[in-house]
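Participant: Please assemble the complex out of the two chains, which come individually in their own frames, going by the hints.
Now for the letters of each chain:
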Amino acid sequence: MNEVRAGIRLGIPIAIGYMPIAVTFGVLGKQTGLSPFEATGMSALVFAGASQFIALSLVQAGVSYAEIILATFILNLRHLLMSTSLAGFLSYQRWQSPFLSFGITDETFVVATLAEDRLSASKFLGLIFTAYSGWVLGTLLGSLFASFIPEILANAMGIALYAMFIGLLIPSIKKSYRAGVVAGLSALIAWILYVSFPGISYGWIIVLATLAAASLGIWLEEEVA
Amino acid sequence: MSVWWLIFGMAVVTYLPRLFPLFVVKDIPMPGWVKRWLQYVPYAALGALIFPGIMTVDQSNPLIGVMVGILVAMAAWFTRNLVLLVVLGIVLMIIFQS
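Same order as they appear, the protein sequences are chains A and B. Just so you know, we're using numbering that gives the first Met the number 0 here: the first sequence kicks off at 0 and counts up by one. Just so you know, we're using numbering that gives the first Met the number 0 here: the second sequence kicks off at 0 and counts up by one.
This is chain B alone, in the form it adopts within the complex (with noise of 0.2 Å):
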C-alpha cells in the first residue's frame, strides 16, 4: 500500500485535534475559573517542554544543557530577543561540548 494512505491519515487526525476547539470555542461563553485556567496553560506547557527535555540537548551529559539553560535564563533577564537568545545558546552548546 502506498505510503501516502499513512500520510494522510496522520494529517487527518493531527489537524483535527488543531481544528475542532479553535473553530468551536469561539463565541462560548466560559465561566471565569475555566477562562482563568486556560490563561495557565501556556505557563505549564512551557514548564513542560523545557524540563526534563533540555538534559537529552547532550546525549553524554545531561548537566550540559541544563547549565547552557541556565546561562540563557540569566540572559533573558536583560534581553527579550529571541533570536539572540537562541544564537547564544548555540553558541554556547558549542563551546561546553567541545
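Chain A extracted, bound-state conformation (with noise of 0.2 Å):
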C-alpha cells in the first residue's frame, strides 16, 4: 500500500501537466459536437493525448471512422517500442500486464523507468492512477465548465511536462555523460526530422528519432567506451 502511495506521489507532475491539455480536449470535443459523456469516455478509455485530439479534428473534417481508428493505431505504435523498454524496468508478474500496460503513455513511461532505480507494479499502479485522474478528470471539467483555467495560466502550464522531463534529464546526465549524449542526439534527430518533413506526426518523429538514438547510445558504448 504505502508502494502505492508512492507511485500516486510520483504522477503528480505528470497529472499537472496533463490538466491544462485535457480540459483544452474537453472544450474542443463540445465544440466538435461530442457530449460531455462521450468526451470524458474518450480520454478514460482511449488515454492518448495526441491522438484524441487528431481524432476530433478528423471528425471534424468529415474523416471515416475506419480510417481515423487507423491513424489511431499508426500514431500510437509508439507505445511498442516504450512498452518493451518498460517491462525491463519494472517487477512484474504477467497476469498484471493487462493492467499495468493500460497507463502506458509517453510520461508515464519516461517517469517510471527514470525517477528511481526498479519500480514495483504496485508504484507503477500508483503512478498511473494518477495520470489517468488527471486527464480524465481535467477532460470532464473542460466539457462541463470550458476553460475554467483563467488562459494565462493555461498558456503557462504549457511548459509543465517539458519542466518535469527536463527534470528527469539532468539527474540522468549527471549519473552517466553517455545518457546526456544520447538524449540530445534523439533532440537533435527529432529536430531535423521536424524541419525536413512538415507533414510528419510527432509519434513517427518520437519513434524514429528514438531508434535511432538508442542504437548510436550502443554503438558509442562499442567504439568509445
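No lab work stands behind these hints, which were simulated from the structure alone. Take the hints with a grain of salt, since some may be wrong.
Stretches of chain A that chain B covers, calculated by requiring three or more beta carbons in the stretch to come under 8 Å of a beta carbon on chain B [to be verified]:
1) 64-71
2) 149-155
3) 214-220
Backbone N, C-alpha and C define an ideal beta-carbon position, used for all residues, glycine too.
Facilitator: Next up, the structure:
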C-alpha cells in the first residue's frame, strides 16, 4: 500500500501537466459535437492525448471512423517500443500486464523508467492512477465548464511536461554522460526530422529519433567505451 | 453511426500495442545488446520529447520555451523534486509571457 501511495505521489507532476491539455480536449470535444459523457469516455478508454486531438479534427473534417482508427493505431504504435523497454525496468508478474500496460504513455513511461531505480508493479499502478485521473478529470471539467483555467495560466502550464522531462534528464546526465549524449542526439535527430518533413506526425518523430539515438548509444559504447 | 464505435475502436488499437510487449517480453531471454539498447530507449525518448516540442509552448516566440527550459535545467541540477520544477517552469512562463 505504501508503494501505491509513493507511486501516486510520483504521478503528480504528470497530472499537473495533463490537466490543461485535458481541459482543452474537453472544450474542443464539445465544439466538435461530443457530449461531456462521450468526450470523457474517450479520455477514459483511449487515454492517449495526441491521437484524441487528431481524432477530433478528423471527425470535424468528416473523415470515416475506420480511417480515424487506423490513424490512431499508427500514431500509437510507438507504445510498442515503450512497453518493450518498460518491461526491463519494472518488477511485475505477467498477469498484471493487462492493467499496467493500459497506463503506458510517453510521460508515465519516462517517469517510470528514470525517476527511480527499479519500479514495483504497485508503484507503477499508483503512478498511472494519478496520471489517468488528471487526464479523465480534466476532460470532464473542460467539457462541462469550458476553459475554467485562466488563459494566462493555461498558456503557461504548457511548459509543465517539458519541465518534468528536463527534471528527469538532468539527474540522468549527472549519473552517466552517455545518457546525455543519447538524449542530445535524439533531440537533434527529432529536430532535423521536424524541419525536413513538415507533414510528419510527432509520434513518428519520437519513434524514429528514439530508435536512431538508442542505436547510436550502443554504438558509442562499443566504439568509444 | 454512434461516436462510441469510434471510441471503442480507438481504445482497442491503442491498448494492444501497449499490452503486447509487456505481456510477451516477460521471461523471454534477450541478447545482452538488445537489453542495453532497451536501456537507452528512455533517454532517447526524453530527448525527442523535449526538443523541438519545447519551442511550441509559446506559439508566437519559440525562444520563450527554450529559455524557460534552460532555467529549469539549471534548477534541476540542484533538486530532483519534479513538482517543484514544474511549478518553477509555470511561474517562469507567466513572467516571460507578460
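Participant: For the segment 64-71 of chain A, count the residues whose Cβ lies under 8 Å from any Cβ of chain B; is that count three or more?
Facilitator: holds (count 6)
Participant: Counting residues of the segment 149-155 of chain A that have a beta-carbon nearer than 8 Å to any beta-carbon of chain B, does the count reach 3?
Facilitator: Result for this restraint: holds, n = 4.
Participant: Taking 8 Å as the Cβ threshold, is the statement that the segment 214-220 of chain A is covered by chain B upheld or broken by the three-residue rule?
Facilitator: Held - the segment 214-220 of chain A has 4 residues with a Cβ nearer than 8 Å to chain B, which meets the minimum of three.
Violated hints are absent here; each numbered hint is respected by the structure.
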